[in-house]
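**Student:** Here's the letter readout for the chains.
2 protein chains.
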Amino acid sequence: MVPHLVTALDGPLLDLEQRVLEATPAIERWLRLEWMEHTPPFYCGVDLRNAGFKLAPVDTNLFPSGFNHLAPDVMPLAVQAAMAAIEKICPDAKNLLVIPERHAGAGRQSFYLENMVRLAAIMRQAGLNVRFGALDDELREPLSLTAADGQKIVIEPLERSQRRLGLKNFDPCSILLNNDLSLGTPQVLEDLHEQYLLPPLHAGWSTRRKSNHFNCYDDVAKRFSKMLDIDPWMINPYHASVSGVYFETREGEAQLAESVDAVLRKIARKYREYGIEDAPYVVIKSDSGTYGMGVTIVRDASEVAGLNRRERSRMAVGKDGVEIRNVIVQEGVQTFEHVEDAVAEPVVYMIDRYVVGGFYRVHGARTNEDNLNAPGMKFVPLPFEHAALPDVHAKPGAAPPNRFYLYGVVARLALLAASIELEKTDPEAIQV
Amino acid sequence: MVPHLVTALDGPLLDLEQRVLEATPAIERWLRLEWMEHTPPFYCGVDLRNAGFKLAPVDTNLFPSGFNHLAPDVMPLAVQAAMAAIEKICPDAKNLLVIPERHAGAGRQSFYLENMVRLAAIMRQAGLNVRFGALDDELREPLSLTAADGQKIVIEPLERSQRRLGLKNFDPCSILLNNDLSLGTPQVLEDLHEQYLLPPLHAGWSTRRKSNHFNCYDDVAKRFSKMLDIDPWMINPYHASVSGVYFETREGEAQLAESVDAVLRKIARKYREYGIEDAPYVVIKSDSGTYGMGVTIVRDASEVAGLNRRERSRMAVGKDGVEIRNVIVQEGVQTFEHVEDAVAEPVVYMIDRYVVGGFYRVHGARTNEDNLNAPGMKFVPLPFEHAALPDVHAKPGAAPPNRFYLYGVVARLALLAASIELEKTDPEAIQV
Numbered sequence: 001m002v003p004h005l006v007t008a009l010d011g012p013l014l015d016l017e018q019r020v021l022e023a024t025p026a027i028e029r030w031l032r033l034e035w036m037e038h039t040p041p042f043y044c045g046v047d048l049r050n051a052g053f054k055l056a057p058v059d060t061n062l063f064p065s066g067f068n069h070l071a072p073d074v075m076p077l078a079v080q081a082a083m084a085a086i087e088k089i090c091p092d093a094k095n096l097l098v099i100p101e102r103h104a105g106a107g108r109q110s111f112y113l114e115n116m117v118r119l120a121a122i123m124r125q126a127g128l129n130v131r132f133g134a135l136d137d138e139l140r141e142p143l144s145l146t147a148a149d150g151q152k153i154v155i156e157p158l159e160r161s162q163r164r165l166g167l168k169n170f171d172p173c174s175i176l177l178n179n180d181l182s183l184g185t186p187q188v189l190e191d192l193h194e195q196y197l198l199p200p201l202h203a204g205w206s207t208r209r210k211s212n213h214f215n216c217y218d219d220v221a222k223r224f225s226k227m228l229d230i231d232p233w234m235i236n237p238y239h240a241s242v243s244g245v246y247f248e249t250r251e252g253e254a255q256l257a258e259s260v261d262a263v264l265r266k267i268a269r270k271y272r273e274y275g276i277e278d279a280p281y282v283v284i285k286s287d288s289g290t291y292g293m294g295v296t297i298v299r300d301a302s303e304v305a306g307l308n309r310r311e312r313s314r315m316a317v318g319k320d321g322v323e324i325r326n327v328i329v330q331e332g333v334q335t336f337e338h339v340e341d342a343v344a345e346p347v348v349y350m351i352d353r354y355v356v357g358g359f360y361r362v363h364g365a366r367t368n369e370d371n372l373n374a375p376g377m378k379f380v381p382l383p384f385e386h387a388a389l390p391d392v393h394a395k396p397g398a399a400p401p402n403r404f405y406l407y408g409v410v411a412r413l414a415l416l417a418a419s420i421e422l423e424k425t426d427p428e429a430i431q432v
Numbered sequence: 001m002v003p004h005l006v007t008a009l010d011g012p013l014l015d016l017e018q019r020v021l022e023a024t025p026a027i028e029r030w031l032r033l034e035w036m037e038h039t040p041p042f043y044c045g046v047d048l049r050n051a052g053f054k055l056a057p058v059d060t061n062l063f064p065s066g067f068n069h070l071a072p073d074v075m076p077l078a079v080q081a082a083m084a085a086i087e088k089i090c091p092d093a094k095n096l097l098v099i100p101e102r103h104a105g106a107g108r109q110s111f112y113l114e115n116m117v118r119l120a121a122i123m124r125q126a127g128l129n130v131r132f133g134a135l136d137d138e139l140r141e142p143l144s145l146t147a148a149d150g151q152k153i154v155i156e157p158l159e160r161s162q163r164r165l166g167l168k169n170f171d172p173c174s175i176l177l178n179n180d181l182s183l184g185t186p187q188v189l190e191d192l193h194e195q196y197l198l199p200p201l202h203a204g205w206s207t208r209r210k211s212n213h214f215n216c217y218d219d220v221a222k223r224f225s226k227m228l229d230i231d232p233w234m235i236n237p238y239h240a241s242v243s244g245v246y247f248e249t250r251e252g253e254a255q256l257a258e259s260v261d262a263v264l265r266k267i268a269r270k271y272r273e274y275g276i277e278d279a280p281y282v283v284i285k286s287d288s289g290t291y292g293m294g295v296t297i298v299r300d301a302s303e304v305a306g307l308n309r310r311e312r313s314r315m316a317v318g319k320d321g322v323e324i325r326n327v328i329v330q331e332g333v334q335t336f337e338h339v340e341d342a343v344a345e346p347v348v349y350m351i352d353r354y355v356v357g358g359f360y361r362v363h364g365a366r367t368n369e370d371n372l373n374a375p376g377m378k379f380v381p382l383p384f385e386h387a388a389l390p391d392v393h394a395k396p397g398a399a400p401p402n403r404f405y406l407y408g409v410v411a412r413l414a415l416l417a418a419s420i421e422l423e424k425t426d427p428e429a430i431q432v
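Residue numbers (the working numbering), protein chains in the order written: chain A, 1 to 432; chain B, 1 to 432.
Honestly, I wouldn't trust all of these hints.
Copies of the same chain look alike in the list, so a pair counts if it works inside one copy or between any two.
To be verified - Computed list of lysine-lysine pairs in DSBU-like fashion (alpha-carbon distance at most 35 Å, straight line):
id, residue 1, residue 2
1, Lys168, Lys395
2, Lys378, Lys270
3, Lys395, Lys94
4, Lys226, Lys88
No lab work stands behind these hints: they were computed from the structure. Since this is a predicted model, take the numbers as computed values, not measurements.
Just chain A, with the same shape it has in the complex (with noise of 0.2 Å):
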């Protein structure tokens, strides 16, 4: 299945990924000494929006959960960045416990299932026996379970002593979340100072925040953007962050309407500069939400105090049934790529500081303004010519390695933003 592309690329992205191309031993080199400082994440995976004028990091995700969904051709990819992080976190690793989302056993979710079987055959290549414990109290003994393409895996009871947590007869050097921990720290997991969290607790969505992401992102854009010579808008979207929202009771409104129009101004501004005739609009997003929940797109701050009572109970919660009170107000890029006859966005998926493949998410029923991680998306694999060297002589924006090595830089800007966003909101780093 090899997707059909439609990318619309005007001047400026063209532009961009010719001077991302030519720069490539300089971007590398650049990325090379950033990851000398800071420590990625585990794992990621960044959704991305290609305007045509501008390439943008929308949201980035520390419990990638879309494996299966990536080309199995790629797959030696991500097992060879695999070894590459086990090597430097814990080299004699033997055993590794792997802690899936809760809903991991519901019938309808039983895709998840096929990323973590999928997650299970790459960390066994790089060397691991892999176990499924569940974030189950209720779970007595193991489960199992069938994934829709037909494998089976077994999600176990925990086993927690005072320094360890294991299964039955199991204990991990290193333990994977693949849990995004939206519902809080669980106790299981406090205090375990002999095993490697990957990623830390703080990663979860019950400590995370987006704003903190995109205020490193800020960051790091406006460095590479100079090492490059271009405006950083190119590659980031603004923001603005807002809390003490309360959608149910109206409250926070007038603040949040304020932060609206700032930020519509600022994007204005830029549309006028680079002579681009779209209206701006921006998205309004749970601060730490997930799972596309929480998300609502306005064109002009009026519109805030417009949401009718459907749309503010929509906002209130977000997955899990947490009540959201901070959001980030995001400008909104538009996507201009199509698999089809559907709007698409790039979803670039790495491990370690290593890009192992990507894929699109596809939504036949939205418009390219859309947030497009809602039901009905379907995902669509980055064939892995895609992940190809680049062709510096190709014609500017013809060769698909060309633009995924573009997707490939910006996704891991975010990745690098992220990892200094975990520095930052490290509590014991706090502590010291």
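Given the coordinates of chain A, assemble chain B onto it according to the supplied hints.
**Tutor:** Okay, now just chain B, sitting in the frame of chain A:
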């Protein structure tokens, strides 16, 4: 171009494949721990022979020159491996000087230039500015060359200062040798203590000995086989080394015949043990030769004395006209692999400790016992599907990725042997 592969896999090798697949996490961990102790050479190509009843490395090349024979879609694996290698060797590396073979400029070798183009693309993508410097005192001006595929490269005169080697306006951090130094170590490469020479000078064929390599491999194979509980002979060819052999004058002939006889007897004993009905044979090779030169096959010790004049003079000199005085007598391992009607042997390429791809060396005019590294050979890239994740549930012997994984494991054992060999023969370490 997907090669049609035919492999007559017998019982013993199917068992080995199955055992290796099942023990993958343990094997990868074992290798990971070995790489804590030993540093792999920068790159390496290993020739394997798969006889159906055994799978063995027969040659380990530390100056691989066939990167152009790898499938284009494995390039991202090569880039990722090169990134990991550079990060360890010289994280702030900016410039890389590549030193090609002397014959790079010769017309008939324009395929070698394709290798250089490919290698440069990999290293550039890994974040280095790459230029080529000629080991040729007569080159006074940059020389522009065109590879068989139309791509151009420029080879420049070397500029040596007291402490550093470079090119005009180009001061590299590392120097990558793709020249095997068969003619001896050129003075221009001596005493470069501020720059990294990859691989080190003593990896060159003017000092390296195959017998050292296979002695180290004996030990690696023994340790690996113990872990996996297999007969080390399954993955290791018998060998003996003989020095002071002058084929032209027939000096050392009796000693050589004796070694041939001893190795043949050992093979015959194993053939009886496993019920193999083929006739044992040995390959006599220059102990420091390459390019498939200085190689002959004998089935009986009496054949040594019976070599005719032409055969003796063919054995007397190796690559670049270097006189052969030391030989290795290696157990002949037939290859039961075919690509269409031609006999084939797999070659596995590695960068740092990672398998990055492979190809088949194919020869339509040779038998399954012959050396295939001879004029008339062709190269068929191993399609990328072969490098996909192994399928532990597949019928034994039926899945190309499973077979390729086995090849990758054995090739990495040879790589490990090369690492230990280079440690043991390091002249600086010996001085200490």
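**Student:** Taking the earlier hints as the rules, which of them does this structure contradict?
**Tutor:** Result: no hint breaks.
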